[in-house]
Amino acid sequence: AQSVAQPEDQVNVAEGNPLTVKCTYSVSGNPYLFWYVQYPNRGLQFLLKYITGDNLVKGSYGFEAEFNKSQTSFHLKKPSALVSDSALYFCAPGGGADGLTFGKGTHLIIQP
Amino acid sequence: GAVVSQHPSRVICKSGTSVKIECRSLDFQATTMFWYRQFPKQSLMLMATSNEGSKATYEQGVEKDKFLINHASLTLSTLTVTSAHPEDSSFYICSAKSGTSSSYNEQFFGPGTRLTVL
Chain A
1 AQSVAQPEDQ
11 VNVAEGNPLT
21 VKCTYSVSGN
31 PYLFWYVQYP
41 NRGLQFLLKY
51 ITGDNLVKGS
61 YGFEAEFNKS
71 QTSFHLKKPS
81 ALVSDSALYF
91 CAPGGGADGL
101 TFGKGTHLII
111 QP
Chain B
1 GAVVSQHPSR
11 VICKSGTSVK
21 IECRSLDFQA
31 TTMFWYRQFP
41 KQSLMLMATS
51 NEGSKATYEQ
61 GVEKDKFLIN
71 HASLTLSTLT
81 VTSAHPEDSS
91 FYICSAKSGT
101 SSSYNEQFFG
111 PGTRLTVL
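Protein sequences, first through last, are from chains A and B. Sequential numbering from 1 applies to the first sequence in our numbering. Sequential numbering from 1 applies to the second sequence in our numbering.
Don't read these hints as lab results, they were simulated from the structure. Mixed in with the good hints there might be a few duds.
Derived DSBU-like pairs (lysine-lysine); straight-line CA-CA distance at most 35 Å [unchecked claim]:
(1) 55(B) / 104(A)
(2) 49(A) / 41(B)
(3) 49(A) / 77(A)
(4) 14(B) / 49(A)
Short, incomplete list of chain B residues facing chain A, as computed with Cβ under 8 Å [what the hints assert, rightly or not]:
(5) 26
(6) 27
(7) 40
(8) 46
(9) 99
(10) 102
In this text, a Cβ means the ideal position worked out from N, Cα and C, and glycines have one as well.
Make the full structure from the sequences, and use the hints.
Written out as C-alpha cells, the structure reads:
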C-alpha cells in the first residue's frame, strides 16, 4: 500500500522568489516518486521522477525535487518562480505495473 | 513529450445509456494504459490498469461490469460507462506508458473527458 500527503492546499510566492511545494509519502518497498503539473483545461504534464540514484532530481521548466528517505519526503522546488508556474501540482508515488497514487494537489500561485 | 488524446472531450447523456471514451497514444506505443477519475476539486483516483491484449485490472471498489475497458491495440484503449447514472458524472482521464509493463517510465496523460449524466 502507498499513500502521499501534500500538506498545503495552496502556496503563494512572489515572482522571482524561490518556491517549495511539499510532499511526504508512505510506501512499502522502494519508493518511486513522480511530480505532475495540471494547468487549467489541459492534461497533466510530467515534471520529474525519482527512481534511484542521486537524491536531487532535475526536471522540466527549471523544477527540481529532493528525495529524502529519512524524512520520507520529495519536495518540489524552483529557485526563481515565474507567474506562468501558477498551476495545480501533484505528487504521486507508484509507477511500474501500478498506476499512480495522487495526492490531493497543491495550488501554486505566483504573484507578480 | 509524447501525446495522448481523448475523445470526446465532453459528453452529456441520459441516465441509462452507455458512453464510450477513447484514449489514444499518438506518437508512441503504449504497453500499459491507465484510467483515472477526478472529482471536482479533488485528486485523481486510479480506476483500472490495462495492458494491451489482456483483461484490465480494476481497483478495489470499481465495478468492472460498470466500467468496461478494452485495450485492443498498442495505441488505443476505450472506457465504456454502461447504464450511466448521475453519480457517474465526473472527469475521466487516461494515461499511457511506453516500455514494459513493469518499467518506471513516466505516464503521459490525456486531456480528460467530462461526462455529465442527466
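Broken hints, numbered, in rising order? Of the numbered hints given earlier, those the structure breaks are 4, 5, 6, 7, 9, listed in rising order.
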